[in-house]
Amino acid sequence: MGMFILRRAGVMLLTAICLTFIVFFMTNLYPNLEKLAKTQGNFRMTEEEVARWLEPRGYTQPTLYKYAEWLGVKPGYRGESADGRPLGRCVRPGQDEGSIPNYCGILQGDWGYSTQFKEPVSDIVWKRLALTGKLMFWVMLLMVPGALIVGVLAGMREGSVTDRTLSTGAIVTTATPEYVSGVIFIAVFASSAVGLRWFKGSATSAMENITFENFFLPVITIALYGLGYVARMTRASMAEVMTAQYIRTARLKGVSFGNIVMKHALRNALIAPFTVIMLQFPWLLNGVVIVETLFNYKGFGWLLVQAAGNNDIDMLLACSVVAVVVVLVTQLISDIGYVFLNPRIRVS
Amino acid sequence: MDPLSWGAIFARMAVQFTPVWIALVVLFAVSIMFKRRLGLYGKLFDSTIGMIGFGLVMFWVFTALFASMIMTFPPLEQIPVMKNKVPGWPVTGADEGAYDFYLLGGDALARDVFSRMVAGSQIVITIAPAATMFAFMVGIVLGLPAGYFGGTFDTVLSFLSNLILAFPVILLFFLLVTPEIIETGMPNYMAMVLFVFPVLFLCVLIYSRFRTRPEVFNIAFPVIMIASVWLYLSLVSEVGTKVQLLPGFLDLFDVPGEILVVFVSVVFVNSPTVFRIVRGLTLDIQTRDYVAAAQTRGEGSWYIMLWEILPNARGPLIVDFCLRIGYATILLGTLGFFGLGLPPESPDWGTTINAGRRLLSAFPHPAVVPALALISLVLGLNLLADGLREESLRD
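Chains as they are written, first to last, in the working numbering: chain G, 173 to 520; chain L, 2 to 396.
Derived by calculation from the structure, the hints in this document are not laboratory data. Hints are not guaranteed to be accurate.
Said to hold, decoys possible - Simulated coverage check for chain G against chain L, where a stretch passes if three residues somewhere in it have a Cβ under 8 Å from a Cβ of chain L:
1. 190-198
2. 252-264
3. 316-324
4. 453-465
5. 491-499
Virtual Cβ for every residue (Gly too), placed ideally from N, Cα, C.
Model the full structure from these sequences, guided by the hints.
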């Protein structure tokens, strides 16, 4: 088991390095740097002015050097502006010259400086992640029990009317991406055209104060898309368990149907959905980005959109590291959890 | 004139869709009549779910096909007084002979929502299945040998596919589908790599089957080879971009950079999953007796992969193909929703939803109409996949 986790951790690290390098490479392509220079300087810069802006800040070095600086295995670039002020990777505005560190990469715990928000990246990322964490907490609270109940109810009597209805419902929710369901929910429950006005069409106020009125729509929008998928997996697994020999034995012994479902079938039926739920996390990230944009909730997804739109390199890298870690950790948890839940499988 | 009631709006829309209804009735009548002789496709007409799904999908296919007859206005025509008008509003201030109503209202730029939805179906129906097809070609050409031979090739490819799968789709889109990246020519290079696979697939398919029969092989192989390479080159090469392999007069068609980047990114995101499915199926099927029999006969590896394993993996692949077109449609919509790739005036559903969401709480109809269209297509594809799965499991 220890070896297994170690090897997985090694693969994880390699994946994370590869992925961040891809992001790094793409954000450092020259047209992107040019865009960065123009948004930071001004939009009417000429070619030479762009080059003069980029060069002293170290953006014109080879990509590998810059990547090593970002990792913190190579000293940060130092340059000088036209009037003699220090510039470069490790230089923060308002810092005096003596206190500029030599190394400033993620190994030193420095995630860089956001060119868009003018703040250290780590501060912003934590703040936004906390907001998204709140959103995810409510999504999970709604999605997981909902999906399991729907799946078990549909799967315990395969082919019944309940099964048909719930399965069709599950297909409909998986066919409805967040940007579609979100738009329809806002139109129906929050627009003046329909006139229900039960909820708010924006979740901006939920960042300080979560209420049912301002938070229900974003949460249900994300939850629904995943709900259908998890429910279908649960249904399939439940239906399979219900045909097993030991269920028939229990039934022949005269155990009541409720007891069969609760005591004999449920635990075995929940092994497969556990994996699926864990693997849903990365997909939820898509939903988070869409829903936060649609409902104007300034969390991690919103941050990612802002960073990408403005080619905020350090911020984008931090976001991709977070996203990759989420993906890989959930994969690891689902593998390990699967072993714990299912004693028939041993990790080799 | 008074605005139409909802009943009248639906009646008039139904009339506009007449060519689609006729085509659907003909298709269903013919298919049901000959369903016993049509294999898996015919069996689809035994399951209600499958039929509903197929109907929905074909509805949009025919809509895309007959779009010019269905549309009441050109998708980009603006009639200023019709700005943000509710569905069924009579048109004033248009040219003589124009249609009398904006059936589903006008959007924020005073264009007809109904016509734009119909025009959008054309974009979605062309890009999504084609992108899925390419993703399948990539997945099949790489997945078969990875599963069949295993070894280092498999390890490397599996690592790469896991790498792409670990990449958040949205982040990838934001990085890849930007005007700056188009400027670097990266989508063209990616297209060069990704579009090789269908050509490879075709050539190996023909080669492995007919190489022992020179009378067919000597004619068919060069013809197919030249045709597919020419198609490949004209698809990849664009006059005036970084990748210009063919002189202009040989270039059959030009794909605009925005479309190409959207297409490439959808293929790129989908192919690792297909690779994994094909690889898994290959691992399963290669232990069967008929594969051992072919090996004993001394057939080549590619013959076994393409003519023994692949046909026997078709069931799950067809089901996944339907689901994946739906997923590609969702991805296209996502791109449109974030305003990436396709130009802002494009009538495709994602872009229209994005344009409509700004005034959502006051005028929901410009966003809701394409949203419903998108659901119905994806739902149709999911139901179709469900029906196919049920029917293919039955025998």
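Assertion that chain L covers the segment 453-465 of chain G - criterion: three or more residues, beta-carbon distance below 8 Å | As far as the segment 453-465 of chain G goes, the hint holds, because 6 residues have Cβ atoms under 8 Å from chain L.
Are there at least three residues in the segment 316-324 of chain G whose beta carbon sits under 8 Å from a beta carbon of chain L?
-> violated (count 0)
Check, residue by residue, whether the segment 491-499 of chain G contains three or more positions whose beta-carbon lies closer than 8 Å to a beta-carbon of chain L, and give the verdict.
-> Holds, because 5 residues of the segment 491-499 of chain G bring their Cβ atoms closer than 8 Å to Cβ atoms of chain L.
Outcome, coverage of the segment 252-264 of chain G by chain L - at least 3 residues whose beta-carbon is closer than 8 Å to one in that chain | Not satisfied, violated; 0 residues make the cut.
Verify the coverage statement for the segment 190-198 of chain G against chain L, using a C-beta to C-beta distance below 8 Å and requiring 3 or more qualifying residues.
-> holds (count 5)
The structure fails hints 2, 3 (numbered hints given earlier, in ascending order).
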